[in-house]
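Given the structure of chain W, go ahead and fit chain V onto it with the hints provided.
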Amino acid sequence: MFVLVVGGGKVGYYLTKELIESGHEVVLMEKDRARADQIADEIGSIVVAHDGCEGKYLGEAGCARADIVAAVTGDDEDNLVICQMAKHHFDVRRTIARVNNPKNEALFRHLGADEIISPTRMILGSIEQDIPVHELLHLAALGEGELEIIEAHLQEGSPAIGRAAGDLLMPEGCSLFAVVRDGVATPLRPDMTLRVGDKVIAIGPSECEALLHQQLIGDDAEAVTPLA
Amino acid sequence: MKIVIVGSGRVGSVLAEAYDAAGHQVVILDLSTRAFDRLPAEFRGRAVRGDGTDEDTLRRVGAGDADVFLALTEGDNRNVMAAQVATEKLGIGKVLAKINDPVRAAAYAELGIATICRTSMIADAISAFLGFESLGLPGVIAATGSHHGGEHAPLATTIGAGTTGREA
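Top to bottom, those sequences are chains W and V. Quick note, the first sequence lines up with residues 1 to 228 if you use our numbering. Quick note, the second sequence lines up with residues 229 to 396 if you use our numbering.
FYI, nobody ran anything at the bench for these hints, they're computed from the structure. There may be inaccurate statements among the hints.
[What the hints assert, rightly or not] Just a few of them, taken from the derived set where beta-carbon distance is under 7 Å, the chain V residues facing chain W: (1) Glu302; (2) Asn305; (3) Arg306; (4) Val308; (5) Met309; (6) Gln312; (7) Val331; (8) Ala335.
[Stated by the list, open to error] So these bits of chain V aren't anywhere near chain W, every CB distance computed over 12 Å: (9) Ala246; (10) Ala249; (11) Phe271; (12) Gly290; (13) Val296; (14) Val313; (15) Pro330; (16) Ser362.
Note that beta-carbon positions come from the ideal geometry of N, C-alpha and C, so glycine has one too.
Next comes chain W alone, as it looks inside the complex (with noise of 0.2 Å):
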């Protein structure tokens, strides 16, 4: 197979040597000159020292033959340059472009790179992971940020699954005013029970934050452990 790499940044240089040791025929371009003939000293002398985002450039690497073209420089927008010079000009099969910005993702897919490969979305899944989502949410501060409008998810666990909304200790200052229940926002009685799935709305300073999350989070040991 013969591939395509543009960008001889970190990825861009790995990618070349594996490729090269599992024995594909590979062509790196990567256009700053110091860098370019440092990896040619290397792994030798399949390094064009050019710019890919150029359709000249990639003409003379051969673009035109490559089953694969990967474009995994540090800019999304040269990598979805790249990979619509690749699939519209020189007719290449597959092309992988490296998105940096997740928000690009979606972009990228509706333009014509076949491939898509986020690292900043695969470390961001993997802390997600790790994230317990039924934290207290800052939705806002308001003032001078004295005060706080803070989000509490309830769920399974929580000291105030069952309980009247009135019955629940607040801290000084703090009150709880509002629930979304289904979706729907209400102005929270305190004769309301309270249900595993209520987002309850509060306001309060800042400091008042360990003791709310006690009354609706649970303490803090069960808080931070992951979810299975």
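Coordinates of chain V only, in the frame set by chain W:
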């Protein structure tokens, strides 16, 4: 008309000033607030620091209902991307991208984006000044092709074979 300009460089700022003075509603974006120093004190439009290739940013500044979108940064690829977001995501009718590489300029015109190529225009202007024949490079290329959800018109026909095109 509502005109969005991405890139407050020499060209972007001059146009922003002129269109604002002519009574149009102008929004100009740049990644650097310094770039807005080029705008006159009397500029009444909006100057926003932000990424013109980012759909959310563009929507936030009201580009969603713009009549005209001009991508005039110093980066060809940034302009290409901004223009494609404007066309494909925001559905703006009149979109122009500055692309200084004549090959890319022609290629993207085929994808439905009008392009303007400084390289070609200057080269032709110089030739005309010297009384030589025009080089025949088109400076402004109207969008000729269109893009429909991943399917592009083939580009090979507009690009000089032998320079960059795949040999037929």
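Legend entry - Index of numbered hints that the structure contradicts, given in increasing order: 1, 14 and 15
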